[in-house]
Amino acid sequence: MRHCYSACLYLLTPLILWRLLWRSRRAPDYARRLGERFGYCGFHQQQPSVWLHAVSMGEMRAALPLLHALRAGPWSERLVVTCSTPTASALLRQQFGDSLQHCYLPLDLPVAVTRALDRIRPHLLVLMETELWPNLVAHCARRDVPVVVVNARLSTRSARHYGYLPGLIQPMLRQLHLVACQTGDDADRFRALGLPEETVAVTGNSKFDLQLDDGQRRSAARWRAQLGLSERCVLVAGSTHPREEEQVLVALRRLRSDIGSVSLILAPRHPERAAELQAMCEADGWQWHALSNPNPPAPDCDVIIVDVMGELPVLYGLADVAFVGGSLVPRGGQNILEPARWGVPVVAGAHVENFRHAAHVLEEAGLLQRVTGGESIAQAVSIALKGVCGGLSSEQAARDVFAQHSGATKRMLKALAPLLESS
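If you want this note's numbering, it's the position in the sequence shown, counting the first as 1, plus 1449.
Just so you know, these hints were derived from the structure itself, not from any lab.
Derived CB-CB ranges, DEER-like:
id	residue 1	residue 2	range
1	1492	1559	14 to 24 angstroms
2	1543	1616	35 to 45 angstroms
3	1477	1680	34 to 44 angstroms
4	1616	1674	54 to 64 angstroms
5	1748	1559	56 to 66 angstroms
6	1466	1567	16 to 26 angstroms
7	1749	1665	24 to 34 angstroms
8	1484	1680	44 to 54 angstroms
No residue lacks a Cβ here, since even glycine has one placed at the ideal position from N, Cα and C.
Starting from the given sequences, assemble the full structure and let the hints guide the process.
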């Protein structure tokens, strides 16, 4: 079955390259470093490495506590990190500069995977969340390289899709050394697909381990002063997708009529869509300001459009309330824990499958409200603002939640320790 998969992937390679080039029209980085997609990673490890892969921005953020912990140990000089998107690559560079070997993950073509393995020379491969590639796993197994999945999650929808290809998925699952799941429900879905019982563990969600530091707090204060938002209520709409921004602007108009001075910080999931959002604001009569503009916004500015990468986690610190995108449309939801970490009340739609457990935890703590569209976003924001004004401490609730659910990184390291020490 895997050979058929490989043949199909080879046939699809021209389309994959075309898609990368198409995306590069708005995000030029997609057209750069194409050789890395075929295993030409630009370096040769002289000693066996620990290879960690985090596909995109969200997974890379979740990997940061683990990366910092690994850098504090004996493998610090032999870490290799891969990703698949320019945003994740930029985050890694922002956090670690050139102190880590880094490249894009090769396409799951046998020749590309072989070339990358020859250069990276992994002693251990650690995959974040659900990045399961049959050829990568099979070629690691052939070289006796253990493959571990950490912070693993598997939605009902993804499990159903994997279940359509048992001849491809089940052999791959049997080649995994360990799958450290976020929740018991994730573990049950992996078992149902054929993952051996002895391979499964539940270690929690490392996103609860991410901590705010003094630098982030200073950056938030600097942005608030630079953008002139000290005297205004601020709604941050983060990681929004097409068809969600229109609803957020509906909410802004309703909030302006209900409570007056409200500013919107609008951060699309893909910053290259900024021009599209600028046109949308102009069509609706809103005054907008690009975050990349070094000049302060005009006094009558309504919407600040985030057209740069990497600033959203800090910008959530400016929010009185945050709407988290990918949730009004069926995309599974983006990271609702990022604003909650600041003690900010969170608003999200029904589609939070990627953060189902986190959503349940935040709802129980009174930190998350569900919405269906623009009018209900405005209503939820008004309720959240009244709650804050009434003296309810969302910051204390957030501290309690994160304290209760932290520790996943330590449990992951404990599970990885025998493999890290076996060299």
